[in-house]
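Protein chains in written order, with full-length UniProt numbering: chain A, 1 to 634; chain B, 1 to 634; chain C, 1 to 634.
I should point out that these hints are in silico values taken from the structure, not numbers from a laboratory.
Some hints here could point you the wrong way.
Each pair may be met inside one copy or between any two copies, as identical chains are not told apart.
[To be verified] Listed below are the simulated SDA-like cross-link pairs for lysine to any residue, each with C-alpha atoms no more than 20 Å apart in a straight line:
(1) K298 / E196
(2) K603 / E498
(3) K293 / I130
(4) K231 / E319
(5) K603 / G557
(6) K320 / S165
(7) K616 / E582
(8) K600 / R526
(9) K600 / E491
(10) K600 / F527
(11) K420 / D380
(12) K603 / R526
(13) K320 / Q462
(14) K133 / Q462
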Amino acid sequence: MTRESAEELGEDDGGSVVYDLDADCTADDVEQDTPYLAEINGVVDYGVFVDLSESVSGLVHESVLEGTYRVGDELVVELEAVRDNGDIAFEPVDTDEYELESVSHDYSLTGTNRLEANVGEQIHLEGTVIQVKQTGGPTIFHVADEYGVVPCAAFEEAGVRAYPSIEIDDVIRVTGTPEYREGSVQIEVDGLSTLEGEDAEEARERIEEALDTRAEPHEVDPLIDWPAFEKLRPNLREVAKLLRRTVLEGRPIRVRHHADGDGMCAAVPVQIALERFIADVHEDADAPRHLIKRLPAKAPFYEMEDATRDLNFALEDREKHGQQLPLLLMLDNGSTAEDVPAYETLAHYDIPIAVVDHHHPDPEAVEHLLDAHVNPYLHDEDYRITTGMCCVELARMIYPDITDELRHIPAVAGLSDRSKADAMDDYLELAAEEGYDETRLQDVSEALDYAAFWLRYNSGDQLIQDLLQIDNGDDERHRELVSFFADRGREEVDEQLEAAMPHVEHEDLDNGAHLYRIDVENYAHRFTYPAPGKTTGEIHDRKIEETGDPVITVGYGPDFAVLRSDGVRLDIPQMVSELEEEVPGGGVSGGGHLVVGSIKFVKGKREEVIDALVEKMEDAEIDEALSSAAPIDD
Amino acid sequence: MTRESAEELGEDDGGSVVYDLDADCTADDVEQDTPYLAEINGVVDYGVFVDLSESVSGLVHESVLEGTYRVGDELVVELEAVRDNGDIAFEPVDTDEYELESVSHDYSLTGTNRLEANVGEQIHLEGTVIQVKQTGGPTIFHVADEYGVVPCAAFEEAGVRAYPSIEIDDVIRVTGTPEYREGSVQIEVDGLSTLEGEDAEEARERIEEALDTRAEPHEVDPLIDWPAFEKLRPNLREVAKLLRRTVLEGRPIRVRHHADGDGMCAAVPVQIALERFIADVHEDADAPRHLIKRLPAKAPFYEMEDATRDLNFALEDREKHGQQLPLLLMLDNGSTAEDVPAYETLAHYDIPIAVVDHHHPDPEAVEHLLDAHVNPYLHDEDYRITTGMCCVELARMIYPDITDELRHIPAVAGLSDRSKADAMDDYLELAAEEGYDETRLQDVSEALDYAAFWLRYNSGDQLIQDLLQIDNGDDERHRELVSFFADRGREEVDEQLEAAMPHVEHEDLDNGAHLYRIDVENYAHRFTYPAPGKTTGEIHDRKIEETGDPVITVGYGPDFAVLRSDGVRLDIPQMVSELEEEVPGGGVSGGGHLVVGSIKFVKGKREEVIDALVEKMEDAEIDEALSSAAPIDD
Amino acid sequence: MTRESAEELGEDDGGSVVYDLDADCTADDVEQDTPYLAEINGVVDYGVFVDLSESVSGLVHESVLEGTYRVGDELVVELEAVRDNGDIAFEPVDTDEYELESVSHDYSLTGTNRLEANVGEQIHLEGTVIQVKQTGGPTIFHVADEYGVVPCAAFEEAGVRAYPSIEIDDVIRVTGTPEYREGSVQIEVDGLSTLEGEDAEEARERIEEALDTRAEPHEVDPLIDWPAFEKLRPNLREVAKLLRRTVLEGRPIRVRHHADGDGMCAAVPVQIALERFIADVHEDADAPRHLIKRLPAKAPFYEMEDATRDLNFALEDREKHGQQLPLLLMLDNGSTAEDVPAYETLAHYDIPIAVVDHHHPDPEAVEHLLDAHVNPYLHDEDYRITTGMCCVELARMIYPDITDELRHIPAVAGLSDRSKADAMDDYLELAAEEGYDETRLQDVSEALDYAAFWLRYNSGDQLIQDLLQIDNGDDERHRELVSFFADRGREEVDEQLEAAMPHVEHEDLDNGAHLYRIDVENYAHRFTYPAPGKTTGEIHDRKIEETGDPVITVGYGPDFAVLRSDGVRLDIPQMVSELEEEVPGGGVSGGGHLVVGSIKFVKGKREEVIDALVEKMEDAEIDEALSSAAPIDD
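Modelling step: build the complete structure from the supplied sequences, incorporating the hints.
Next up, the structure:
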């Protein structure tokens, strides 16, 4: 029982009780006007030295002593003074009869939320180890408690691992002093131990409960009322909670997203929301930079090349910085069977995966590999609920203060993917209230497309943020900027189409559809904007305008073809699997859905594959309701 | 009026004058043997405490006092002593009658040129904020005054922006202490305020005037007398001034240059001159590394891809390091209409652009987008004044001490672009005096070409500097090095031509010219040195030697052709615009001038485009004076 | 002679001897109860000041003095006390007659092995300068002595080179204080001087001798008994010594290796062994990261592109960090004439080159360019001794403690290159003892191949280390991981072959061999796994299984062909040189050996080149012993 608790219980400490400090008590445990049992450990001319605990000692001056003393004698003393140099003076207390009461060291904890107020003072902290970084000097343990994460520096010997038995996920007690280190608060460790048994269990439960509560996403009303979207909200909340929890646990997050307008409208708000939340949680000011990374995907699915690199980077961060392996967040990408090999690669490591996508999913293929999966098709909705629309809500659930910067984003996302959602009107109105008319929104969408092309595999954080006008100021400049990028992109589309249109071949299919074919390898510029997929899409759109539905457009290169259909049900995955069988040695593979898709084959079998493909189109069912609104992945 | 100025005016301070310190005066303003008005703010046994200003207080000991005193009484005192611990003792002064003269705090400024002499002492400094970098700890304000730039560290709270109202371009007064920080001088800020009104205006004018003077380029005599070049000198001086001014203002500089011999002879001397000037101006030893970056351009013009990336990097440096957006310096590149889209992209940001080029310019297209433009064609001169020749003089205007390292560079530049300038003899002689005969110079030129090819988009700073023998020692090693690289390059050219020459097709044109065609896709090695442009040029040169003028050579790949003519006026821009119309769906575009150029088209229309092109050549005017000396851009 | 040595010699210092400190003696040289000759340099009321050496002075108090003294008088004194503030008090000693003995300053050296024990104390150190890094603050001299390497920080002025006359390879004496700096020990320099004449010679010899001894590789018994391998061991020892010596001298090492299974089994163990040895030698904890870099080679030989980049990086590291130029270590690569141009490039710089390879070497071409060369063919052995097998032994000679982590590696290397070495059984058994049966080893090999393809030019340190299971824990996870990667790779091979096999063309050659041809450009997927070389190899293997020997397989693309033969002696280098002559303008080049190789040509001459090639094959000699076991380089 501590002295404080003794007092709380109203016990009298006025003479009949003498306190006996436990061996691990420190000077902080010594109170004024309170009698303590001491043991004499030295007798000198000018007094006697006494020990109250292992670390609490002091002098009783001869002037206040009577009689003679020997080393080993007990003596009841009170604090007289603490000198400037830290020396402690005691004075004897007259006590005839007393009861001893032991005082245990006051390990009262200081949460990571109160570190700045305790800079320079020794404190105790309990938490979970989430990262162990060995530097050339000290070992840095990043410790998460109920309130946040703080780096704790323990020094053993230059570059030598301190407390080698302590590992990630251990619950530990740290005794140390918060100090500013390059401006961030860090705890200089005096001592550090693993909690055992009940203590550990109790602490773990306490922290777990707190984290669980803190991980809870914020309750935000959706930006607009939209019944269809309501079906997805519980799932999005789960993802929000998973991401917040991931941040609280100090696990890094790697975002891979479709490199188009909707993909960026999805990924950038979530990235910024997470960065801000990380900054709140972590004492280390560099944490946002180290713990989240957004990267455009090279392909419309998660390629082995991307996965191999992501994995290698993650392993190197673990090796070099003692970081946990990351959570992978796939946005506007990741719902299909084509993602499976990459997911299976990561499945051999502790890398959770969450997906928010609105492309036609293949839940059977992917579901068992994912920790969370949001896709409108899983709720009988479709691509019209774009990933950008979902992720603006997701970002708000993670960090609601971001709301005001995002009101125009869902409209951009919708226009980018030409969503025909009934909610588009509301989103457009919402954007209009912020000063974004449809022209400006369209400009943003085109500008994103154009800039993403030239940025290639670079995330282009600042430029994209400028184009999206998130966290940004000058309205007029934004208008000019996006209209410049958009116009420039449109000009280049026009140039491309000027070359290509004369070479588009027309055919009337048996089912009454128009078929247009364009050889994008030979009749479009290569390695320039727009890429073959977008070139084909633009031709398709112009042809629909010219001739009306039903229209199919095929853009083909030496070993690939991209398909777009309006008004004809192609069912491309089905076609691909038929072609695989019908064209032996054709190396046919591909993906897509009813009206949008792409097919690969070996160069030498192009003619055969395309002929077989067109034959299938002859028989395809006309369905005027079908529209290939969303742009084809390049 | 300050006391010092009072003294300067010869006023008597011997009894009839008592000084009254302004509230903001510090102990530094207190002089010995001088009477000050004090107010008693405490009376104790051993004396009275007096205040002379908000921060100047001290004790008057009872032993020197007579009578009684009350808090609030005035007293005239003199400095008695300053104790080791900083305590100040005063003694009373007998004064019957006196005149009060107020003393304002001595804010005499310490320029950035005198910081090292004042390390550890508090100083005042006025200057313009040129960069505001938020670190995890303090906020670093980079401040430029009349003499240079110094980082000033202000700490508010870990990672929190100090003085959030202060922005780039504000004129501020800093009170702080210069200290060494990782070896560079930095001011630890005690206080920092924006100057307002007249103070600001006066300071701004003073700094402006000083910067303007310091920006003035050095007066250097050109390395050789050359009347034609004289026409360009005033323009070059303007660029030199702009660049020096840019450095003084702390704005970063990004150099993009043509990745060939002349381009590197232009860019490297300017880069080194600027690096040295930056090192002189900035206290921060890392400034040269942060403030200038040289990059070869991927194409013979400023591509959208390069511009997009440059812009994104610039935005990220602004975001991460609080840097100003950079000035773009285009060298041996940048004068043509093909550069316009990229320039227009940057025009939406505060990014000044300066160009030094000797390719045929399109002033109407570019002039309004540029802050400075030097090109011999703008003065009725031509490509024979190479960019390297101009930029050696530019580098000397920026930093004259570099002169001795550059005497051989103009000759290398001239040989690289096969300049037939009348000044070439003088340049060759100048180089010869430094030990560079024509063989060695030619070796340097070929070595640059060869190394640049393999370095691709890497600037290869050290290797290129070694090949140019700037800032470098061992003469013998340099000879061996460049002759090795040059020979190796020549061997690879020979190998390429061994494959290609048997496939060169010859035709006699109606106008009497020889036409040679080579299919560089099918009859030259790909992705290796020399690239198609240089391969075509080498074939052209050999054919001229074999057959004499007039000769046209066309090297074509699947979707491009490069053209070279000696003795025939092709006017390639004219041809391109005719072909655009004559070959619908050909996707024809291109650039160049009378006798050198390149054309792009879609793969499927190659035959048609080339046939139409040859037809035009049949009618082209013979003009033996015309020579395609400069190498074709690849 | 120092006083200590005088004492050691048993000389009496009891009155008859007075010591005379040399001018450079310090207070540390002054001992208690010992008479020293002093000179009076000041006389004051309270005593006289005396000098014992340039830096040793003190007071003799008047209370202990008798008589009068004048400046310049000699006096024999003893140490009385050293005050807290460092002032020294002496007292006079009565001496009638004495002998003077001079005391030289005790420069006893503290080796880099005893720095941690002397942190905070001034020490002396002698060593060779191996790196001089100018920082923004101090100049850092990295100094190697007999025991290791330590950074010594000397400060002259911010960013100004301290001791500018001191250069790499100078032997110097450092006086300074070891301190922890970011956790590593660094010496803060008080003084630093070049040793001259005999001192230098003696020190250099001492260090040289110590380094030579330390460079000596460890005596390790090979993992298995293998007479054929014994022939190579002395050469490997030389390489081990060269590498250890390189580390001791602080020279960086750049490893370039073949990007296949055997190449990685060779390079990774050597990399890790060197990293650990560097960590032992250098006080600077970052040294392993700065001093060794492993990179896969882009081609099966050392390309000019790689060499140019390596050289440029090396020059930049020299410029920026004052590092020596590196040693280049080529592994599983580097023995052939194709490497010569790259080697010749480096030959102009101080960059030693060592090669361990098992590809058919061209010793005449390369030997004079190499500092060390290990290749089984140089000892009448062949590719069956794989580079991985050699390098596991090399790694053990460098750092024997690594042995336990490497026992399974030679088996992986052997399987990767399908070595038919008689030692394979022993290696497999050795691996089996560690829990690696042949299936698991084969999985590792395939997994390496597959991962290397997707990592492209990235070294993928951690992922490759995971796949090789070096320095790694969880056995079960490793099995799952490699079997996943291996299966995935096999699946993709199957997909590739499904497309390609129907297009393989068969021909019966006159010599009775089967010839199979596959157009990998038109009938295999491009830019995906497996690349053309492996695709051809897999087809070849399947055909051998189907039809039995002798079989030749040719995989050709637009401008290249890869060749594999089992049972037919092709002698590819011979074929290439014949084709060069027979097909003018064919641009034929290539490399390889009897049964494996690749040929390049210009696209437009493909048919002619391949026809001529096949004609040669018709006449090729059947030799059933010949097998193209090792995989073709892609």
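Which numbered hints fail: 1 and 4
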